[in-house]
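With the sequences and hints as input, model every part of the structure.
Quick note, the sequences are listed as chains A and B, same order. Under our numbering, think of the first position of the first sequence as 8, with each following residue one higher. Under our numbering, think of the first position of the second sequence as 1252, with each following residue one higher.
All the given hints hold, so there is nothing to weed out.
Computed list of chain A residues with no C-beta within reach of chain B, every gap over 10 Å:
hint, residue
1, Val20
2, Asp24
3, Asp102
4, Arg133
5, Leu157
Between beta-carbon pairs, the in silico distance windows are:
hint, chain 1, residue 1, chain 2, residue 2, range
6, A, Gly147, B, Gln1269, 53 to 59 Å
7, B, Val1355, A, Ala215, 46 to 52 Å
8, B, Ala1273, A, Gly48, 58 to 64 Å
9, B, Leu1324, A, Phe19, 45 to 51 Å
To be clear, the hints were calculated from the coordinates, so they are not data collected in a lab. Each residue gets a CB set at the ideal place from its N, CA and C atoms; glycine is no exception.
Chain by chain, the residues run as shown.
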Amino acid sequence: MSASADRVRDAFVVLTDTLVADFDVLDFLELLANRCVEVLGVRAAGLLLADHRGRLNLVAASTEQARLLELFELQNQEGPGLDCYHSGRPVHATDLAAAADRWPRFAAAAGAAGFGSVHALPMRLREEVIGGLNLFCGNGSTLETDVVELGQALADLATVGILHERAVRDRDLVLAQLQAALNSRVLLDQAKGVLAEYTGGSVGEAHARLRDHAARTGRSIGDLAAAVVRGSADLAEVVRGAD
Amino acid sequence: MDQDRVVRVWALITEHAQREGASASLRHVCVVCARAVAATGSGLSITRGRGRHDPVATSDAASAELAELQFTLGEGPSADALDGAGPVLAADLSAAASRRRWPVFAPAATKRGVLAMFSFPLELGAVRVGVLDLYRDRTGPLSGAQLADALVFADAALLLVLDDRGGIPAAYADLVDGGFDEWRAEVHQAAGMLSVQLGVEVEEALVRLRAYAFTQDRRLAAVARDVIERRVRFDGGRAGKLPEGGNEPDGEEN
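Structure (structure tokens):
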């Protein structure tokens, strides 16, 4: 833990810098998911956000492998993320192989994807749970208590990032921020589809191209996605940059 | 925030429609939604081409008049929601903040006895087909439960508009998509892909995707996955084809 203190500090500095600077919620959440992997030493991390329909939506993940996406989608039926959301408490599934009774489909799918344990940490605003941070580890590895605490701090930072400090005091603004975050993610998915069809590649690859192009041109991924879907972005340019 | 809310809202809409011996329409959404969230009235406006929108359904005559007023002034919570502001919640139209934001509309509304207004865009990513407006003759915010209900009613209206454009019977969204398929990431990705295949906007692509799933009697998410994995194309290309006859959107309601 102490060995990675520099990394932890670095992660929080970068994330809080992003929060106070010109801010795009998707950029921030993707950065946070990736920092979770680096700092906490997990295999994959994803942020689930609840909507008014009662669905848990993946808004950002450290990787967008289809198998991982399916694991998040599955948690609308069962899984540590769903239990965490309902209880508002962390759920530590340290041995998924032994959890087949509790979550038969999730445990099987996670095992097939090479994950041995999952830690689901709530994203809370006072008494309300708005979603959760899910941390996936490989077989035979789980997180120490201090690492879990650090993960919870990152989950709290995600909550702050989504809701903004101003919004936390006003319920109407909370709703607006949640809706905005959810809708940006939908827009990103639409943009991934547009670019995938344009290049003939996969949607995962399209996501990487969008992320790279946004980073290279200093544009937020939300802005870029909107331009791609509305037809005002030069797709050839977006693609060319990635080669 | 629970899935029961979605089921309950659809049940309210279809029950009300059935009492009239009709299938669920936007007017039913207006009437039932106003009742569910204790609003005095409600209205739905639908976009027609860039920057234009028309009131298409209201719960009562007073709401129709207010919708017309907003449309004429081009200002108000409704216009802001359509402009990409997300839900616009004006709990007190007589307050200074409201008058600053809508200098013409706010006084005109309060003069007609409308003291609070809540506007919810019918949107899904880049798709924005209209707005659901709720009016009250008293000030004060919607409760958390009323807010969540209103968002689900806006979802229902969005699906009814899309399916109307796709020539699909109104009950489809309720009966076939009980698994909440329409909100899955794959559906948005597939709509993006189809918009390029067909050379249309993503909204039209989503309309066609839903129409295709309906005519094939398949789950929306399953069809979306076929599109993403390139087992189905909509442009007459190597795999799959458009459904035959009667399901091509004609671009006009009524």
